[in-house]
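Chemist: Here are the chains, one letter per residue:
Protein chains: 2
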Amino acid sequence: MTNLLKQRIEEANEKVLKILQEAELIWVGDKKAIDVVPNLKSNIIMHAGPPIEYERMAGAMKKAVLGAVVFEGFTDDLAEAEELVKNGTIILKPCHDFYTVGGMTGVTSPSMYVHVVRNERFGNEAYCMPHEGGSFKGLGWGTNDEETINKVRWMQEELSPVLDEAVKKTGGLNVKQIVAQAMQMGDECHSRCTAGTQIMTKMLAPYMTELDYDKAVIKRVFEFLDANNIFFLHVIMAAARAMIDPAKNIPYSTVVTTFARNGVEFGIKVSALGDKWFTAPSPKIKTVFFSPKWNDDVATPDMGDSAITETVGLGGQITVCSPAQEYFLGGNYESALRNTLEAYEISVGENSAWAIPNLDFRGGPAGVDIRKVVQKGIRPTIHTATAHVEGGFIGGGEAKVPMKCFEDAMMEFAQQCDIK
Amino acid sequence: MTNLLKQRIEEANEKVLKILQEAELIWVGDKKAIDVVPNLKSNIIMHAGPPIEYERMAGAMKKAVLGAVVFEGFTDDLAEAEELVKNGTIILKPCHDFYTVGGMTGVTSPSMYVHVVRNERFGNEAYCMPHEGGSFKGLGWGTNDEETINKVRWMQEELSPVLDEAVKKTGGLNVKQIVAQAMQMGDECHSRCTAGTQIMTKMLAPYMTELDYDKAVIKRVFEFLDANNIFFLHVIMAAARAMIDPAKNIPYSTVVTTFARNGVEFGIKVSALGDKWFTAPSPKIKTVFFSPKWNDDVATPDMGDSAITETVGLGGQITVCSPAQEYFLGGNYESALRNTLEAYEISVGENSAWAIPNLDFRGGPAGVDIRKVVQKGIRPTIHTATAHVEGGFIGGGEAKVPMKCFEDAMMEFAQQCDIK
Numbered sequence: 001m002t003n004l005l006k007q008r009i010e011e012a013n014e015k016v017l018k019i020l021q022e023a024e025l026i027w028v029g030d031k032k033a034i035d036v037v038p039n040l041k042s043n044i045i046m047h048a049g050p051p052i053e054y055e056r057m058a059g060a061m062k063k064a065v066l067g068a069v070v071f072e073g074f075t076d077d078l079a080e081a082e083e084l085v086k087n088g089t090i091i092l093k094p095c096h097d098f099y100t101v102g103g104m105t106g107v108t109s110p111s112m113y114v115h116v117v118r119n120e121r122f123g124n125e126a127y128c129m130p131h132e133g134g135s136f137k138g139l140g141w142g143t144n145d146e147e148t149i150n151k152v153r154w155m156q157e158e159l160s161p162v163l164d165e166a167v168k169k170t171g172g173l174n175v176k177q178i179v180a181q182a183m184q185m186g187d188e189c190h191s192r193c194t195a196g197t198q199i200m201t202k203m204l205a206p207y208m209t210e211l212d213y214d215k216a217v218i219k220r221v222f223e224f225l226d227a228n229n230i231f232f233l234h235v236i237m238a239a240a241r242a243m244i245d246p247a248k249n250i251p252y253s254t255v256v257t258t259f260a261r262n263g264v265e266f267g268i269k270v271s272a273l274g275d276k277w278f279t280a281p282s283p284k285i286k287t288v289f290f291s292p293k294w295n296d297d298v299a300t301p302d303m304g305d306s307a308i309t310e311t312v313g314l315g316g317q318i319t320v321c322s323p324a325q326e327y328f329l330g331g332n333y334e335s336a337l338r339n340t341l342e343a344y345e346i347s348v349g350e351n352s353a354w355a356i357p358n359l360d361f362r363g364g365p366a367g368v369d370i371r372k373v374v375q376k377g378i379r380p381t382i383h384t385a386t387a388h389v390e391g392g393f394i395g396g397g398e399a400k401v402p403m404k405c406f407e408d409a410m411m412e413f414a415q416q417c418d419i420k
Numbered sequence: 001m002t003n004l005l006k007q008r009i010e011e012a013n014e015k016v017l018k019i020l021q022e023a024e025l026i027w028v029g030d031k032k033a034i035d036v037v038p039n040l041k042s043n044i045i046m047h048a049g050p051p052i053e054y055e056r057m058a059g060a061m062k063k064a065v066l067g068a069v070v071f072e073g074f075t076d077d078l079a080e081a082e083e084l085v086k087n088g089t090i091i092l093k094p095c096h097d098f099y100t101v102g103g104m105t106g107v108t109s110p111s112m113y114v115h116v117v118r119n120e121r122f123g124n125e126a127y128c129m130p131h132e133g134g135s136f137k138g139l140g141w142g143t144n145d146e147e148t149i150n151k152v153r154w155m156q157e158e159l160s161p162v163l164d165e166a167v168k169k170t171g172g173l174n175v176k177q178i179v180a181q182a183m184q185m186g187d188e189c190h191s192r193c194t195a196g197t198q199i200m201t202k203m204l205a206p207y208m209t210e211l212d213y214d215k216a217v218i219k220r221v222f223e224f225l226d227a228n229n230i231f232f233l234h235v236i237m238a239a240a241r242a243m244i245d246p247a248k249n250i251p252y253s254t255v256v257t258t259f260a261r262n263g264v265e266f267g268i269k270v271s272a273l274g275d276k277w278f279t280a281p282s283p284k285i286k287t288v289f290f291s292p293k294w295n296d297d298v299a300t301p302d303m304g305d306s307a308i309t310e311t312v313g314l315g316g317q318i319t320v321c322s323p324a325q326e327y328f329l330g331g332n333y334e335s336a337l338r339n340t341l342e343a344y345e346i347s348v349g350e351n352s353a354w355a356i357p358n359l360d361f362r363g364g365p366a367g368v369d370i371r372k373v374v375q376k377g378i379r380p381t382i383h384t385a386t387a388h389v390e391g392g393f394i395g396g397g398e399a400k401v402p403m404k405c406f407e408d409a410m411m412e413f414a415q416q417c418d419i420k
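Those protein sequences? They're chains A and B, same order as listed. Residues in the first sequence are numbered consecutively from 1, following the working numbering. Residues in the second sequence are numbered consecutively from 1, following the working numbering.
These aren't lab readings, by the way, just hints derived from the structure by calculation. Any given hint could be a false lead.
[To be verified] Rough simulated footprint, nothing fancy, chain A against chain B, three-plus residues with beta-carbon under 8 Å:
#, region
1, 211-218
2, 222-236
3, 326-333
4, 357-365
[What the hints assert, rightly or not] Take a look, some chain B residues computed to stay more than 12 Å from chain A by CB distance:
#, residue
5, Leu4
6, Asn39
7, Glu53
8, Glu72
9, Thr75
10, Lys86
11, Gly88
12, Asp145
13, Pro281
14, Tyr344
15, Lys404
16, Asp418
Beta carbons: idealized from backbone N, C-alpha and C, even for Gly.
Start from the sequences and build out the full structure, keeping to the hints where you can.
Modeler: Okay, structure coming up:
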C-alpha cells in the first residue's frame with residue numbers, strides 16, 4: 001500500500017470519526033411509516049438484514065412477514081398472505097433500503113408507527129418500529145397469531161400516538177445524551193436498555209400526564225414501559241442509523257457503516273464501498289436460553305438490524321459498561337473488560353460523548369475499521385437476542401461477526417483502490 | 001480476650017449479619033410525622049445526629065430549626081421562633097430518638113410528612129422526611145426564607161399525598177429490591193440515587209396517573225421527581241434505619257448500628273452498647289464545591305443522618321458501584337475499588353441481596369465491626385453533601401468517620417465485658 005493511499009484512508013476515517021462524534025440525535029416523534037419513510041409503498045414490507053427472497057428466509061422471519069400482511073389488511077388468512085407474497089403482490093425489501101432498521105425479524109409494514117430520530121447536525125432522519133416488549137410473542141420474534149397481531153394493533157392505537165404527542169411536547173428527546181447517561185447506569189445500550197427506558201419514561205411522564213387521553217390509556221402506556229426494560233433500544237437503533245448514515249460513501253474510508261443480519265446471512269457495509277453488502281452465513285448465537293426446553297437446535301442464527309448499535313460503538317463494543325449483561329451471558333467483569341479493550345483495537349478512534357465510567361470516562365470505541373479487523377484477527381462482538389426457528393423469544397446471547405464479511409470487503413476495497 | 005468471649009462476639013455479630021440479610025423493607029406510604037412517629041409531640045422538632053442543644057448547633061441547623069418553627073405556625077417571625085426555642089416552648093431532639101432519620105440538618109417537624117418504611121421481617125418501622133431536591137435552598141440545607149418554607153408547604157400539600165396514594169396502590173414498594181437494581185445501575189445509594197429515583201418513578205407512574213387529582217398536580221409531582229435525581233435517598237434512609245434497628249442491643253455484638261452527624265459532632269452507636277452515643281468532632285468534608293465562590297471556610301463540617309446508608313453497607317462502603325460518583329469526587333475506578341475492598345476488611349460479612357456487578361456480583365460489605373476498624377486502622381468512608389455555614393447546598397464530598405468514636409466504643413465494650 002502506498003503512503004499516499006494510507007494517508008487518504010486515515011484522513012477519510014478521521015472524517016468518519018468526526019461525523020460520529022458530531023452527531024446530534026433527537027427523537028422527534030412517532031409516525032406511520034408510510035407517512036415519513038421515503039419511497040416506501042403500501043405493498044412493501046420491510047425486513048431485517050441484507051436482501052433475501054421469501055423462500056430463503058428464516059422460519060421466524062417468514063411468519064412475521066405473513067403476520068404483517070394480515071395486519072395490513074390484505075387478507076385475514078395466513079395461507080393467502082403467503083400467496084400474495086409469492087405472487088409479488090407484496091414486495092419484500094430490507095429495512096436498510098429505507099433509512100430504517102428493525103429488531104430481530106425487523107418486519108415493518110407501511111401502516112406501522114416508527115420512531116423518527118433526526119440527526120440535527122447533518123439533517124438526516126432514520127426510523128425504527130417500537131419494540132414489542134420482552135414477552136415470547138411478537139412480530140419481531142416471528143410469531144403471527146391473533147395475540148401477536150392484537151398487540152401490534154394496540155401499539156398503533158394507543159402506545160405510539162401517546163408517545164408521539166408526549167415526545168413532541170418535550171420538544172424532542174436528546175438520544176445522544178440519554179445514551180451517555182445510560183452508559184453510566186449499567187446499559188451497554190443494546191441487549192440492556194434498562195436505564196435508557198427509565199430515563200425516557202421519567203422525561204416523558206410529566207407530558208404524558210397532561211395529554212388529552214383517558215387516564216386508562218396513559219396508565220396502559222406507563223405499564224407497558226414499566227414492564228419492558230428494553231423498550232428504548234429501538235429508539236437507540238433509529239438514532240444509531242441516523243448517526244452513521246452521514247458517514248456513508250466517504251471515499252477511501254474503511255469504516256463499517258452497517259452490521260445487519262437476516263437470520264440466514266450476516267451483512268456489512270463499508271463507507272467507501274457504498275451500499276454494497278458483504279455477506280457470510282449468519283453465525284450461531286452463543287445463547288443463554290430462558291428454558292431448558294430450548295437449545296441450539298431450535299435457535300434461529302443471528303438475526304436483526306439491532307447490530308446497528310455495534311456499528312456506532314455500543315452493545316458488544318462496550319461490554320464493560322454492563323457487567324450485569326456480561327454476567328447474564330456467562331462472562332464476568334474480566335471478560336467484559338477484555339471485550340471492550342479489543343473493541344478499541346479495531347476502532348478508528350474514541351467518542352468522548354459516550355464515555356465509559358469503568359474506564360475512568362475514556363471515550364467509547366468508535367468506528368470499526370475493516371483493516372484492523374483483518375490485520376489483528378479480532379472480530380467485533382454483537383449482543384443479540386435469540387428467536388425460535390418457528391418464532392418466539394427464547395434467549396439472549398452474543399455472536400461474532402464472520403471474518404468473511406471483512407475479508408471480502410477488503411478485497412473489494414483493494415480492487416477499487418487498485419492495491420496490488 | 002478469652003476464647004469464650006471471642007466466640008460470643010462472633011456469634012452475636014453473625015446474628016446481626018443475619019438480621020441485615022433477612023430484612024424485608026417495604027415503603028408503605030407517606031404520613032404526617034405526628035400521626036405515625038411514636039412519642040412525637042406537637043412541640044418537638046427533630047434534628048440530625050447526636051443530641052445537641054440549640055446554642056451549640058451549626059448555623060445551618062439553627063436556621064432550619066427556626067424555619068420549622070415558622071412552618072409549624074408557632075409564629076411567622078424567625079426572631080420570635082428563636083425565643084420559643086430558647087425558652088423551651090419548642091423542644092429539640094435527635095431524629096434518632098424517634099425511629100427517624102433526617103438528611104443534612106435533618107430538621108423534621110410534627111406536621112411534615114415522612115416516608116414510612118416497614119421491615120416486614122421484624123415488624124418495625126422507620127421514618128424519613130422526603131428530600132427537598134437538589135436546589136440551593138431547603139430546610140435540609142439550612143435555609144429558612146419564604147421560598148424554602150413555600151417548597152416545604154408544597155411538599156405537604158401535593159407531593160406527599162400523591163406519593164402516599166400511589167405507593168399504597170402498588171401495595172408497597174420493595175426498597176430492598178430497588179436498591180439491588182440501583183446498585184447494578186451506577187448508584188451507591190447515598191450521594192447517587194439516580195437509578196433508584198427512576199425505578200421508583202416508573203413503578204409509581206401507572207398508579208399516579210389514575211389518582212383522583214388534577215392533571216396539573218400529577219404533572220408537578222412528575223416534574224419534581226424528574227428534576228431531583230436524589231429523591232429516593234430519603235426512602236433508602238428510612239429503609240436503612242428500619243433494617244438496622246432490629247440489630248440493636250444484641251449482647252456482645254460489636255457491629256455499628258448508627259453513623260450520624262449533627263454538623264458539630266459525629267456520633268456512632270454499637271449494637272451491644274445500646275443507645276449510647278460515642279462522639280467526636282465532626283470531620284471536615286473533602287468537598288467538591290459547585291462554585292468557586294465557596295470553599296472550606298464556609299462549609300459546615302459533616303452533617304446529617306444520611307450516613308445510616310453507610311451503616312447498612314451502602315454509600316461510601318460500595319464506591320465501586322458508582323464510578324461516576326467517585327469521578328465527581330476526584331477519584332477514579334481504582335480508588336473506588338480500593339475503598340470498597342477496604343470496606344470488606346472492616347465488615348462482619350457480606351449481603352448477597354445487594355450484590356456488586358463490578359465484583360462479579362459479590363455480596364456487598366455488611367456490618368461495620370468496631371474491632372476491625374480499630375485493629376486495622378481503616379476508617380469507613382462516608383459520602384455526603386456539604387451545607388454552607390449559613391445554610392444552602394454548596395457541594396458534595398466524602399469524609400472519614402473519626403477514629404475516636406470507635407476507640408471510645410471499644411473502651412466501653414471492653415469495660416462492659418470486663419476485658420483487661
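Chemist: Hints first: check each against the structure and report whether it holds.
Modeler: Do the hints match the structure? See the list:
no.	hint	result
1	211-218	holds (count 3)
2	222-236	holds (count 4)
3	326-333	holds (count 3)
4	357-365	holds (count 5)
5	Leu4	holds (42 Å)
6	Asn39	holds (37 Å)
7	Glu53	holds (42 Å)
8	Glu72	holds (31 Å)
9	Thr75	holds (36 Å)
10	Lys86	holds (44 Å)
11	Gly88	holds (45 Å)
12	Asp145	holds (27 Å)
13	Pro281	holds (34 Å)
14	Tyr344	holds (16 Å)
15	Lys404	holds (35 Å)
16	Asp418	holds (47 Å)
Hint check: no violations occur; every hint is consistent with the structure.
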